[in-house]
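A.B. asks: Okay, so the sequence shown: first residue is -11 according to our numbering, each after it adds one.
Just so you know, these hints were derived from the structure itself, not from any lab.
Cβ atoms here follow ideal geometry from the backbone N, Cα and C, with glycine treated the same way.
You may find that some hints are simply not true.
To be verified - Just the calculated beta-carbon pair ranges, DEER-fashion: (1) Tyr139 <-> Thr275: 17 to 23 Å; (2) Arg189 <-> Gln259: 19 to 25 Å; (3) Gln64 <-> Arg200: 41 to 47 Å.
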Amino acid sequence: MALNVFWLCLLVTTGVLVSTGVGCTSVNGWSDRGDENNAAPDLPLRKIARNIELDARFVQIQFDPNDPDQLQSLWQWVDETVLPSATRTVLQQNGMRIGKAIQTDRMTQKLETLKTKETTDVVEQFLASAAVSSHQSEGSRLIPMRIGKRYELPVRLPIEGDHVVMVNQTPQPVGRTLRDPQFLFAVTPQNGDSSAEVRIRFRPEIQHGEMRQDWVKGDGALRIDVRRQSWSLDSLDFEIRGHEGDVFVIAETADRKGLGKEMLGGKNVDQMEQQTVVLLKIANVPTPAERL
């Protein structure tokens, strides 16, 4: 009887030791470093969700004062009704036109005949690649975006000196004198009506004045943010809705005026008047599986 009890205790003790050893390996993921065959397999890395990507291209057009309607033929291949009528009216009163390309090939062919030499090959490469350029008002810029976050799209380099900027809004026009203004769009993406659609809101803004230091709360901590003052033109907000591959156009009106001329106009190194046509391509919309 005593012998049986001895063997029973020995078996129980051995079982506890074996169980304890296996448990340590399973929970901690460690194994004998000297035996590669017993090494625990690496855990798969979590895939990072793909971002929404907006490909912005800036095409420079040499302005011809003898042919102020040179850009008008472009709009026969662009649908401006993607924006509400009231929004289009406000934007046109401020010298801007926005629409969605419905025949992209013909539109780009027209731009090909109008662009200046400095922008050679920009249009041809627009739909074929998502190459990134380092310049903000020429070439291209690819913007990865997250839903609900604000991004900035500069459309013109800062203009040195004091400049009067007029904005036509209700009930009356508003003008300000700004120091070294820089024109940009504040861009915020939102989910669309389907998983394949995205809505992107644009708000014209003008940064100006000296750099200022401020404390900004983000990600649970305070950080120092250095930026200039900003005149945010919420009355000129507009929103585009589209799917991956859709192309949108931003350009001046035929009668160059107001904010449109300030944002999209300028002079080249030869002091010749230019116009900038902004092409916006929704380069990527992640699928629901990719967002997991």
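A.B. asks: It remains to establish, for every hint, whether it holds in the given structure.
C.D. replies: How the hints compare with the structure:
For the pair Tyr139 and Thr275, the beta carbons lie near 22 Å from each other, so the given range of 17 to 23 Å is met. A C-beta distance of roughly 36 Å is found between Arg189 and Gln259, which places it outside the suggested range of 19 to 25 Å. Under the hint 41 to 47 Å, the C-beta atoms of Gln64 and Arg200, about 46 Å apart, fit the expected range.
Violated hint: 2 only; the structure is consistent with all others.
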